[in-house]
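Chain A is fixed; fit chain B onto it per the hints.
In order, the protein sequences belong to chains A and B.
The first sequence stops at residue 114 when you use the numbering used here, and every number in between is there.
The second sequence stops at residue 142 when you use the numbering used here, and every number in between is there.
Rather than coming from a laboratory, the hints here were simulated on the basis of the structure.
If you want the footprint, here are the derived chain A segments under chain B, 3+ residues with CB under 8 Å:
| no. | segment |
| --- | --- |
| 1 | 35–44 |
| 2 | 48–62 |
| 3 | 105–111 |
Quick reminder that beta carbons are idealized off the backbone N, C-alpha and C, glycines included.
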Amino acid sequence: DAMVIQNPRYQVTQFGKPVTLSCSQTLNHNVMYWYQQKSSQAPKLLFHYYDKDFNNEADTPDNFQSRRPNTSFCFLDIRSPGLGDAAMYLCATSRKGAFETQYFGPGTRLLVL
Amino acid sequence: GQQVMQIPQYQHVQEGEDFTTYCNSSTTLSNIQWYKQRPGGHPVFLIQLVKSGEVKKQKRLTFQFGEAKKNSSLHITATQTTDVGTYFCAGPAGSARQLTFGSGTQLTVLP
Numbered sequence: 002d003a004m005v006i007q008n009p010r011y012q013v014t015q016f017g018k019p020v021t022l023s024c025s026q027t028l029n030h031n032v033m034y035w036y037q038q039k040s041s042q043a044p045k046l047l048f049h050y051y052d053k054d055f056n057n058e059a060d061t062p063d064n065f066q067s068r069r070p071n072t073s074f075c076f077l078d079i080r081s082p083g084l085g086d087a088a089m090y091l092c093a094t095s096r097k098g099a100f101e102t103q104y105f106g107p108g109t110r111l112l113v114l
Numbered sequence: 032g033q034q035v036m037q038i039p040q041y042q043h044v045q046e047g048e049d050f051t052t053y054c055n056s057s058t059t060l061s062n063i064q065w066y067k068q069r070p071g072g073h074p075v076f077l078i079q080l081v082k083s084g085e086v087k088k089q090k091r092l093t094f095q096f097g098e099a100k101k102n103s104s105l106h107i108t109a110t111q112t113t114d115v116g117t118y119f120c121a122g123p124a125g126s127a128r129q130l131t132f133g134s135g136t137q138l139t140v141l142p
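Just chain A, same shape as in the assembly (with noise of 0.2 Å):
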């Protein structure tokens, strides 16, 4: 089945410890999207790719970057985390953007400590 995949599903990082989370998708969607989640929160929306364009957040902060290499796969490297970017790290796609159905994968729940 066509999906979106996440890697690894929980990460443990040292406070400071450069961390990568991974997605993949093979819906073979133009957009990608990564969103940060906290208990009882909304999904907060950090950047996303519409192919190779990149489009940061004004509030997303310079820690966090990404890489798009290529359209399946998509990155979030936290450069030095600290203990508020503990939370649930959500990517999703969608064919091409915000009149269609963003799809999610499973998440990678991030603990920093």
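Just chain B now, with coordinates in the frame of chain A:
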């Protein structure tokens, strides 16, 4: 910037009771989407509404889009324990590629 609010934030119901969550946007929306997130899970698309005053039904779920396209509601008839989760509305924001998610309503169904 655009804000999308939902009420209530939390709702506890007895199994079999009805449930409604309301979504209000500070701006007119071209469309509104609803997602459900089970505890420990990820958001899953439920439905999209596009037309002013549109009403759509999925079994026990009824979705409405307001005439002014600034509000929406989700009504569940005769809740079941499988309805447990957080329901989010979401509308286009900023560029045409982004969604702004509402604050969500967390539904608990007591058996």
